[in-house]
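Model the placement of chain B on the given structure of chain A, informed by the hints.
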Amino acid sequence: MRTATLDDYKQRLLRVLVHIQEHLDESLSLDELAGLACFSPFHFHRIFKGMVGESVKEHVRRLRIERAATRLKLGAQPVVGIALEAGYESHEAFTRSFRSVFGVSPSRFRASNRRATAAAPSGLHFADGAKIGHFKTVQPGGKKMEVTIVRRGPLRVAFMRHVGRYSTVGKTWDRFLPLAGKEGLLGGGAEFIGLCHDDPEVTPQHRVRYDACVSVDESFRPMGEIGVQVIAGGEYAMTTHFGPYDALGRTYTRLLGQWLPRSGRQLRACPCFEVYLNDPQSTDPKDLITDIYAPLEARLAIFAR
Amino acid sequence: MTKNTQPKIDLYKQHKNEYAAPKKPVLIDIKPALYLAIEGQGEPGGERFQTNIGALYGAAFTIKMTRKFAGQQDYAVCKLEAQWWSDAGPDLSKAPKDQWRWNLLIRTPGFVTEEELRKAAAVLVKRGKGREVEQVRLDSLAEGTCAQMLHVGPYDQECVTVAMMKEFAATKQLEFHGRHHEIYLSDPRRVPPERLKTLLRCPVRPQTARIGPHGLGRH
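Chains as they are written, first to last, in the working numbering: chain A, 844 to 1148; chain B, 70 to 288.
Just chain B, same shape as in the assembly:
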């Protein structure tokens, strides 16, 4: 085991401005970033959801530790993030929870390769850690300009914060576009719901179409 003397990478610190957690909505330019990702559908906190979180963390730690063992550049494994959407329509809170779709994410340094991910999955499957890890992908997101705000409280009250973000975007002649993205700053296993901190993010674009009194029309 050779020693790598380069300081450990902390992506959240490196991209501090992208993880600003303001109490009021702000616009932030999010640069393209690489994630380990696993997609699925079903109730948040349900069995499938939990198994997938385990698979994602398993891949993240196995890749990181295998690199560390080989003396390669060390980095901190980032917090859990997720994109949420539903095929039923843009308002997630109106769709039944079992139809919620999610893409669980852990941000990863750009130097992590497909091959490392494949090897990590193979070693985990061999250890009997479940086949779900084979579903983990390397996913690149380019979200661009996003509305972002810190939500404090239970997950099922996020709609209040989201409404504020939407309203804020509208004042800037912007509209939501793309998947709702959240970054879990607190650990829901022990932190009481009213104290949970979650960073909410949604890509925005200039308002394109609006339903006016005369139907669909451009402004």
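Bound-form chain A, shown alone:
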């Protein structure tokens, strides 16, 4: 038996990175990429972003631009053709993108002595035909992240489903809490939980699914718009996020992309959830406290390459 090491995580991610380089012109689905690395699609994006330092989308875009830069240097191919190959439908859009990466327009770049590689935390660049064998993981910076492994029992919750922008979940809570409140669900130390089925950074905003949940006992039955579900028990990696809700994403990325690969643990294929410890109506956003829970695979499960 052995535990998943940082090297395992890197090897798994490398399979994805090689695949991306070899299929730069195809549309790459996150599920497919997650599958290549044996990561649960729930968590893959955040692991990728946390380790590589850019999202899959940003990574693919940068590599395409780097490839275009190489083409500009090595041939006399017209810029329009290079733009098309890079996945841009217009010269203007390509120029805009190119300039945001290299700081100059494609034609000026062609005439200059600049290198065809852009800044990348991973040190990974477009490699025409060459195999990539190594990349740098983003080092956890700043204060050490405090993570506790906790065992939770299964938790029965009453919930209302929100589909849409993550930034508007407050509206769903606004409808849910009066209903739950008049039914007497908000007493006796009930927990307020947000269950995130999708990653707001990946899923199109209008389709992000999020459940506003309040813990309930066995006696509660679904009613109207309020459903009941059970949040699985088991081991969770728990870290506390201090501050506004709109910065939660950064803490998720740190937890899954930086802490996790160095933890010797693996994630279970079920959603992360967040427990809100205070009432956002009477608490300053900077004083908000949220516990984030990431579900862990039991220790015995090992990753086989």
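You may find that some hints are simply not true.
Sample of chain A residues at the chain B side, in silico, Cβ under 8 Å [stated by the list, open to error]:
{"no.": "1", "residue": "L1028"}
{"no.": "2", "residue": "L1029"}
{"no.": "3", "residue": "G1031"}
{"no.": "4", "residue": "S1062"}
{"no.": "5", "residue": "I1132"}
With a straight-line Cα cutoff of 25 Å, these simulated BS3-like cross-link-like pairs (lysine-lysine) come out [as the list claims (entries may be wrong)]:
{"no.": "6", "chain 1": "B", "residue 1": "K195", "chain 2": "A", "residue 2": "K1025"}
{"no.": "7", "chain 1": "B", "residue 1": "K82", "chain 2": "A", "residue 2": "K1014"}
{"no.": "8", "chain 1": "B", "residue 1": "K148", "chain 2": "A", "residue 2": "K1025"}
{"no.": "9", "chain 1": "B", "residue 1": "K85", "chain 2": "B", "residue 2": "K195"}
Just so you know, the hints here were simulated from the structure itself, not pulled from any lab data. Glycine included, every Cβ here is placed at the ideal spot set by N, Cα and C.
Chain B in isolation, oriented as in the chain A frame:
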């Protein structure tokens, strides 16, 4: 569910001057105010204390949300506050903690009624949320002139801040009178003790009696 278009009430913002959190003691005139309250005795943070906090919040949120559901005036549920005293004497820090008495408070708009509280308690008890909620009362406090100061740090070091407040009151020919009152600005579940912010308040009155060299005498 009808929609109430009146803006939500935030009592702390409405009475901002009463929640001033100065680093040095000040005198503030505290107007009478309505609270949801639950009284008890025992160590702070102990089981009974925690259950009572749960009961108080349960009542506060149930009343608020039931009103909101009915389309009535919305308001933010205020932070937790508490009055502390002991039957053993005026200096709480000298009494054993299990003899500390407390009145946990959540400030509530004046329009909340006894009937709403009773209904909220009934619905919570019916849901199996514990009978403690039946002990929650509507309590009106008229504290008048108070010494007030922000305490930053662990709760068990409040005596230092209290001593400063007492000294300050004495310079104004005032003395403490009535229950020590505190307002919890930080959440002790996650905020480390050295960063906890607590607003301390104590009603004062003109010094009446003082023990002089010739015993008890009026000045």
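Regarding the hint that L1029/A lies at the interface with chain B, is the smallest CB-CB distance below 8 Å? 4 Å, holds
Has the given pair, K195/B with K1025/A, been kept, meaning a C-alpha gap of at most 25 Å? Answer holds: K195/B to K1025/A is near 12 Å, not above 25 Å.
Under the criterion that the straight-line Cα-Cα distance not exceed 25 Å, is the pair K82/B, K1014/A satisfied? 23 Å, holds
Assess, step by step, whether the Cα of K85/B is no farther than 25 Å from the Cα of K195/B, and give holds or violated. 37 Å, violated
Closer than 8 Å between Cβ atoms is the bar; does I1132/A clear it against chain B? Give me holds or violated. Holds, about 5 Å.
Does the interface hint hold: is L1028/A within less than 8 Å of chain B, judged Cβ to Cβ? Interface hint status for L1028/A: holds (7 Å vs cutoff 8 Å).
Taking 8 Å as the limit, does the beta-carbon of S1062/A come near enough to a beta-carbon in chain B? At about 7 Å, which falls below the 8 Å cut-off, the nearest Cβ of chain B leaves the hint on S1062/A intact, so it holds.
How about G1031/A: closest beta carbon in chain B under 8 Å, or not? Since the shortest Cβ distance to chain B is 4 Å, the answer is holds.
Straight-line alpha-carbon gap K148/B to K1025/A, limit 25 Å: Status holds; Cα separation ~21 Å.
Violated hints amount to a single one, hint 9; each of the other numbered hints is respected by the structure.
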